[in-house]
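> Chain residues, written in single-letter form:
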Amino acid sequence: MINLTINNKSVCVPDSTTILEAAKQNNIDIPHLCYLEGVHKFGSCRLCVVEVEGVKNLQASCMAEVREGMVVHTNTEKVRKVRKNNYELLLSNHLQDCPSCETNKNCELQDMGVRLGVTEARFAGKTTVSKVDISPSITRDMNKCILCRRCVTVCNDIQNVGVLSAHNRGFSTVINTAMDLPLNTVDCTYCGQCTVVCPVGAIKETDEIHNVWQALSDKNKRVVVQLSSAVSVAIGEEFGYEPGTPLAGELVSCLREMGFDDIFNTNAAFDLTVVEQSTELLNRLKTTQAGNEAKLPLVTSCCSSFIKYVENKYPEELDYISTTKSPDLMLGALAKSHYTEKMNMNLSETYVVSVMPCTAKKFEITRPEMQNNGLPNVDAVLTTREVARMIKEAGIDLRNLSKNQFDQPFSLSSGAAELFGVTGGVMQATLSTVYEMVTGRELPFNKLQVTSIAGFDQTMDMELKIENPLEAYQYLDGVTIKVAVTSGFRGAEFLMNQIVKGESPYHFIEVMGCPGGCVNGGGQPRPLTLEILQKRLEALYGQSEGKATSKPNDNEVISALYKEYLQEPYSPRAQELLHTQHRKTV
Amino acid sequence: MNCEATKCQCGCDQETDQQKYEKIAEIIAKYKNQAGSLIQVLHAAQNIYGYLPLELQRFIAAGMDKPLAEVSGVITFYSFFSTQPKGKHTIRVCMGTACYVRGGKKLVDRLEDILKVQVGETTEDRKYTLDIARCIGACGLAPAMMIDDVVYKQVNPDKLETILAKY
Numbered sequence: 001m002i003n004l005t006i007n008n009k010s011v012c013v014p015d016s017t018t019i020l021e022a023a024k025q026n027n028i029d030i031p032h033l034c035y036l037e038g039v040h041k042f043g044s045c046r047l048c049v050v051e052v053e054g055v056k057n058l059q060a061s062c063m064a065e066v067r068e069g070m071v072v073h074t075n076t077e078k079v080r081k082v083r084k085n086n087y088e089l090l091l092s093n094h095l096q097d098c099p100s101c102e103t104n105k106n107c108e109l110q111d112m113g114v115r116l117g118v119t120e121a122r123f124a125g126k127t128t129v130s131k132v133d134i135s136p137s138i139t140r141d142m143n144k145c146i147l148c149r150r151c152v153t154v155c156n157d158i159q160n161v162g163v164l165s166a167h168n169r170g171f172s173t174v175i176n177t178a179m180d181l182p183l184n185t186v187d188c189t190y191c192g193q194c195t196v197v198c199p200v201g202a203i204k205e206t207d208e209i210h211n212v213w214q215a216l217s218d219k220n221k222r223v224v225v226q227l228s229s230a231v232s233v234a235i236g237e238e239f240g241y242e243p244g245t246p247l248a249g250e251l252v253s254c255l256r257e258m259g260f261d262d263i264f265n266t267n268a269a270f271d272l273t274v275v276e277q278s279t280e281l282l283n284r285l286k287t288t289q290a291g292n293e294a295k296l297p298l299v300t301s302c303c304s305s306f307i308k309y310v311e312n313k314y315p316e317e318l319d320y321i322s323t324t325k326s327p328d329l330m331l332g333a334l335a336k337s338h339y340t341e342k343m344n345m346n347l348s349e350t351y352v353v354s355v356m357p358c359t360a361k362k363f364e365i366t367r368p369e370m371q372n373n374g375l376p377n378v379d380a381v382l383t384t385r386e387v388a389r390m391i392k393e394a395g396i397d398l399r400n401l402s403k404n405q406f407d408q409p410f411s412l413s414s415g416a417a418e419l420f421g422v423t424g425g426v427m428q429a430t431l432s433t434v435y436e437m438v439t440g441r442e443l444p445f446n447k448l449q450v451t452s453i454a455g456f457d458q459t460m461d462m463e464l465k466i467e468n469p470l471e472a473y474q475y476l477d478g479v480t481i482k483v484a485v486t487s488g489f490r491g492a493e494f495l496m497n498q499i500v501k502g503e504s505p506y507h508f509i510e511v512m513g514c515p516g517g518c519v520n521g522g523g524q525p526r527p528l529t530l531e532i533l534q535k536r537l538e539a540l541y542g543q544s545e546g547k548a549t550s551k552p553n554d555n556e557v558i559s560a561l562y563k564e565y566l567q568e569p570y571s572p573r574a575q576e577l578l579h580t581q582h583r584k585t586v
Numbered sequence: 001m002n003c004e005a006t007k008c009q010c011g012c013d014q015e016t017d018q019q020k021y022e023k024i025a026e027i028i029a030k031y032k033n034q035a036g037s038l039i040q041v042l043h044a045a046q047n048i049y050g051y052l053p054l055e056l057q058r059f060i061a062a063g064m065d066k067p068l069a070e071v072s073g074v075i076t077f078y079s080f081f082s083t084q085p086k087g088k089h090t091i092r093v094c095m096g097t098a099c100y101v102r103g104g105k106k107l108v109d110r111l112e113d114i115l116k117v118q119v120g121e122t123t124e125d126r127k128y129t130l131d132i133a134r135c136i137g138a139c140g141l142a143p144a145m146m147i148d149d150v151v152y153k154q155v156n157p158d159k160l161e162t163i164l165a166k167y
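Protein sequence lines correspond, in order, to chains A and B.
Under my numbering, the first residue of the first sequence is numbered 1, with each subsequent residue one higher.
Under my numbering, the first residue of the second sequence is numbered 1, with each subsequent residue one higher.
Extracted from the complex, chain A is given alone in its bound form (with noise of 0.2 Å):
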């Protein structure tokens, strides 16, 4: 332990603390803008400047450790000086087009403006001009990029794809893709980590808010819109709700009066997903078993950033990914198909919508494979942040609105699908499933062994032994069902490079390109702490308990959907709507 003297005040902290950690374990918050807990630590924006006594230049706290008897003061004449000149500093080259930036009041260099007391903006010099890089799902405009750097640590640090790094040096310094690609040209996975953690406008979702609000006011179109529990327990933080707020009937409401004819639960999707990507394990188990050939282990394909992932890096190993589509795509198929029939609507009007906690939903849905009788499944994904700004550009006060229901035939879920946005949550859903598929009997969980894979966060591997099956099932007697669960590129690559070396020993995978699984996904309000994403995560734990169906094979609106039109799961109808082939983009 050190011992030291913050603003007057000893304190005694661990070694190697920081100046900033250690003034917060003792309640003084040094401002910072660069600095991300747990994240990022660089250095870059010199705003959280301390002066330590003996020591003749200003410390950056975050960089800075504690020693020994040192005497810190955070808030002297000088300090608060010379964060305000920084700061100024910081703007001089930053495109102050605040009144028309997506960011605008949710910017953390704004907040700081206002917390630092800067009340004029002295330094006008040159400053440095880039082009807008639009891509599909994200949209870069360097012109506001403060160079904090953040972005550059979790697309190689915590994702490890390393599309992202500082170009270039001294004033034009430039955080962009190799050579100035384009995003869409280089191996980014659109997983859109980079724009949570952005304290600015530079990095952002691809915008299509307007393309919705013209569908909207287009009064021949039916507009569908559908949205999961990852959206709804998160979108509160757009509206000052304690994080971890369900809103999931206030959203259904404030849909309705945002004009959406049809309002869905994409989670009746994610049981539809289980029940048919347990049969395509089965079945890849049978021809195994019966020694004839097929790829195992089985890997989900429920995270269109990791599907993007696998084209980039492994596009020899494409077939190993399951073919079902992700369950907003699932929905949107169905939509534009059973229910169009049902409902006597024109299938050229419709308009299907996604809400989803993603960004990289928004490249997915431009996928050729990804359409059904030439249209596309899904026509425009919004983030959480996005139809918040509609929310609030339609004036519609969430808070004063009644909870309502979401519309039939997609209207009920599952316990299980509660946690499709939890690392691990496809995979226990799926288990369960096959194994009263297979056994007839309900998956006692106190079976399944589960270990970390050493070295690796959040990846974990477990066994299930089938004793006893059903009178079909017979080839499964004695086996020992071997799976995965990752999320983030890191855990992906090591699971990866085992298929293609031929040594996994695994059944079947499962993997979530953010860390966390989608409840942290790249669409979700911003900016994010470890104890926001823990409210998210008890929220979604709470929502599944509460669920008087928990497993997805019982889910009455799915059972329905096989009798009236499906037929059976993996039937040809269901190959064509529900399934694809996964091809790289050329």
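Rather than coming from a laboratory, the hints here were simulated on the basis of the structure.
Don't take every hint at face value.
Under the rule of at most 30 Å between Cα atoms (straight-line distance), these lysine-lysine pairs were calculated in the DSS-like manner [what the hints assert, rightly or not]:
id : chain 1 : residue 1 : chain 2 : residue 2
1  : A       : K81       : A       : K24
2  : B       : K88       : B       : K127
3  : A       : K131      : B       : K86
4  : A       : K563      : A       : K221
5  : A       : K501      : B       : K127
6  : A       : K126      : B       : K106
7  : A       : K41       : B       : K127
8  : B       : K32       : A       : K126
9  : B       : K32       : A       : K313
10 : A       : K584      : B       : K66
11 : B       : K116      : A       : K131
12 : A       : K501      : B       : K23
13 : B       : K32       : A       : K131
14 : A       : K584      : A       : K295
15 : A       : K126      : B       : K116
16 : B       : K66       : A       : K501
17 : A       : K551      : A       : K286
18 : A       : K313      : B       : K105
Start from chain A and add chain B according to the hints.
Frame of chain A; chain B shown alone:
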């Protein structure tokens, strides 16, 4: 280029692209597992290939198991690395203090005019690359410039075309 893909047919000593890439691959293999060796590899690769175009950057990134953006970030940070092909001859006009006040800038302006390139660029026929230098240690000869290893002293802008005609 009058070279075949695999073997140079023109009788010159020039290596083909494939031979150059093979040489670079050997260097990568040598340095691959040494931390912090990217800069050495880039230096060697530029010496062999002449410059570092995107395709070569991809090759090095894949070989060194590093993200392409990191490789290109390092290349753009250091002014020694070039992503554009260099000309047969490099002209470096001295812009140190002495040469500057004696009219170095006028030399640059005139050369930009004659060669129709900006500083740092290469002429279309790949004959000249125009660069500036920060003091070549010939202040008494100001304004000075170098073409490859030859120093020209007290250069008169009007004489530039005559000097270039020698190459």
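> With reference to the structure, classify each hint as holding or not holding.
How the hints compare with the structure:
1. Of the pairs offered as hints, the one joining K81/A and K24/A holds, with about 22 Å between alpha carbons and a cut-off of 30 Å not exceeded.
2. Restraint check for K88/B and K127/B: the C-alpha separation of about 5 Å stays at or below 30 Å, so the hint holds.
3. With a C-alpha separation of about 27 Å, the suggested pairing of K131/A with K86/B holds against the 30 Å cut-off.
4. Proximity of K563/A to K221/A is assessed by CA-CA distance (about 29 Å); at most 30 Å being required, the pair is judged to hold.
5. The suggested pairing of K501/A with K127/B is violated, with an alpha-carbon distance near 49 Å, which exceeds 30 Å.
6. Distance check on the hinted pair: K126/A and K106/B sit about 25 Å apart at the alpha-carbon level, within 30 Å; holds.
7. With a C-alpha separation of about 47 Å, the suggested pairing of K41/A with K127/B is violated against the 30 Å cut-off.
8. For the given pair, K32/B sits about 41 Å from K126/A by alpha-carbon distance, which is inconsistent with the 30 Å threshold.
9. The hinted pair formed by K32/B and K313/A meets the criterion: a straight-line CA distance of about 20 Å does not exceed 30 Å.
10. Pair hint K584/A plus K66/B holds up; C-alpha atoms about 22 Å apart against a cutoff of 30 Å.
11. Taking the CA atoms of K116/B and K131/A, the gap is about 26 Å. The hint holds against a cut of 30 Å.
12. With a CA separation close to 28 Å, the supplied pair K501/A and K23/B stays within the 30 Å bound.
13. Distance check on the hinted pair: K32/B and K131/A sit about 35 Å apart at the alpha-carbon level, beyond 30 Å; violated.
14. Distance check on the hinted pair: K584/A and K295/A sit about 18 Å apart at the alpha-carbon level, within 30 Å; holds.
15. With a C-alpha separation of about 27 Å, the suggested pair K126/A and K116/B falls inside the 30 Å cut-off, and the hint holds.
16. Taking the CA atoms of K66/B and K501/A, the gap is near 20 Å; set against the 30 Å cutoff, the hint holds.
17. The hinted pair formed by K551/A and K286/A meets the criterion: a straight-line CA distance of about 24 Å does not exceed 30 Å.
18. A hinted pair counts as satisfied when its Cα atoms are at most 30 Å apart, and K313/A with K105/B does not qualify at roughly 49 Å.
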